[in-house]
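> Start from the sequences and build out the full structure, keeping to the hints where you can.
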Amino acid sequence: MEKEWEEENLSQRPEPESTVSSIVPIQDTRDAAAKHDIDGFLVGGASLKPEFVLIVNATHPETPDFPDVEDQQIEWLEDDEDANIYRHLPNESDIENEDEYCDDDRAHKNQIFINTMRLWALKHQITHAAINDFLEAIRNTTDFYVPKDSRTFLKTPVGVGKEIISVAGGQLWYQGIENSIQHLLGGSQLIVDSLEINISIDGLPLHNSGTTQLWPILVQLHGTADTPIMVVGIYCGASKPDNVDDYLRPLVSELKDILDNGVCIDGRQVPIKLRAIIADAPARAFIKGVAYHNGIHACMKCKIMGRSYQRRMTYEGTAEERTDEEFRRGAYCIGHQKRPTPLLAIKSLDIRGQGCANI
Numbered sequence: 000m001e002k003e004w005e006e007e008n009l010s011q012r013p014e015p016e017s018t019v020s021s022i023v024p025i026q027d028t029r030d031a032a033a034k035h036d037i038d039g040f041l042v043g044g045a046s047l048k049p050e051f052v053l054i055v056n057a058t059h060p061e062t063p064d065f066p067d068v069e070d071q072q073i074e075w076l077e078d079d080e081d082a083n084i085y086r087h088l089p090n091e092s093d094i095e096n097e098d099e100y101c102d103d104d105r106a107h108k109n110q111i112f113i114n115t116m117r118l119w120a121l122k123h124q125i126t127h128a129a130i131n132d133f134l135e136a137i138r139n140t141t142d143f144y145v146p147k148d149s150r151t152f153l154k155t156p157v158g159v160g161k162e163i164i165s166v167a168g169g170q171l172w173y174q175g176i177e178n179s180i181q182h183l184l185g186g187s188q189l190i191v192d193s194l195e196i197n198i199s200i201d202g203l204p205l206h207n208s209g210t211t212q213l214w215p216i217l218v219q220l221h222g223t224a225d226t227p228i229m230v231v232g233i234y235c236g237a238s239k240p241d242n243v244d245d246y247l248r249p250l251v252s253e254l255k256d257i258l259d260n261g262v263c264i265d266g267r268q269v270p271i272k273l274r275a276i277i278a279d280a281p282a283r284a285f286i287k288g289v290a291y292h293n294g295i296h297a298c299m300k301c302k303i304m305g306r307s308y309q310r311r312m313t314y315e316g317t318a319e320e321r322t323d324e325e326f327r328r329g330a331y332c333i334g335h336q337k338r339p340t341p342l343l344a345i346k347s348l349d350i351r352g353q354g355c356a357n358i
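Using numbering that gives the first Met the number 0, you'd call the opening residue of the sequence shown number 0 and step up by one each time.
Each hint should be verified, as a subset may be incorrect.
[Claimed, not checked] Derived Cβ-Cβ restraints for the label pairs, each shown as a range: (1) Q181 / K239: 26 to 32 angstroms; (2) H123 / L205: 18 to 24 angstroms; (3) A280 / T140: 56 to 62 angstroms; (4) E135 / A237: 33 to 39 angstroms; (5) I111 / K272: 44 to 50 angstroms; (6) K272 / H292: 24 to 30 angstroms; (7) M312 / C263: 46 to 52 angstroms.
[Claimed, not checked] Here are the computed lysine-lysine pairs in the DSS-like style, where the Cα-Cα straight-line distance is at most 30 angstroms: (8) K239 / K272; (9) K272 / K255; (10) K302 / K337; (11) K154 / K122; (12) K346 / K302; (13) K147 / K122; (14) K239 / K147; (15) K154 / K108; (16) K302 / K239; (17) K255 / K147; (18) K255 / K239; (19) K337 / K239; (20) K337 / K272; (21) K34 / K108; (22) K239 / K346; (23) K337 / K300.
If you're looking for bench data, these hints aren't it; they were derived computationally from the structure. The beta carbon of each residue, even a glycine, is placed where N, CA and C say it ideally should be.
Take a look at the structure:
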């Protein structure tokens, strides 16, 4: 049956006169397809190129004409519903916007690199000479933009030297209580009607072996939760400060002003009160200018006199209490008071250590 059907139907089909193949440029496929004697196109490797869409649409007259391939680039997109959908590449304005985005991204990565390297240099205490060589190598071998000088790279504060003054025995840096409070609370959500501060003074060695000492002046906001301790001043020298007046005078001068006038925070004048000056026995004796804790007249509370027993100073019995008024009058200049102290300029301070603001 199948053989009979083929002989009956296929034998009657006329043989083509001839078959001719020719190479047709892609941009001419529409004109070639319009000819009546063109049956189609044999496409090889061109099917892998974006221009293949022109060949497909050449056999569909209803599709719009496409610009020349040389004048317009086409790229393929992958779509979930319709694969092989083409679109025109961005115009010049889109390319400019893309370039700006790339520039912003490049600048962001550059800043991240600089911040990371800065923290690394500070953490490992890299010398300035080594950092300068490192920065030069980066500029010569990469596209990253970095400063030429290590001080700019590390963001070393400018003008710090102007805040450091020479005093007897060493150098003193004093930032100030009001500046520290403004830096801490300025622009924050913490709103206070008044402030009460504690001041801490003590000395510590800078190295395990060596004579260099630091004597920081610290301030703490009393009754304010989650606020850090503020460093308002630091003395550095081969020993403790030789002159207590040089060391404490900037602090005392500012205290006299802010205790009377308050501190300015975001345009508001906030009253401030000194609660206490905190120090251990040697530091307290130093800043008050009195005998040290192992002296005969060392007791800061009463007038008892000590005596040496087996190379130790002991205090037995009771004695009359010392008063703030007598201290300010200089009544203990024999034995107890060794040198003047600038703390006497703070009128609200109980120098004896039993008042509202005490030491």
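> What hints, given by number in increasing order, does this structure fail?
Numbers 14, 17 and 21 - these are the hints that the structure violates, sorted from lowest upward.
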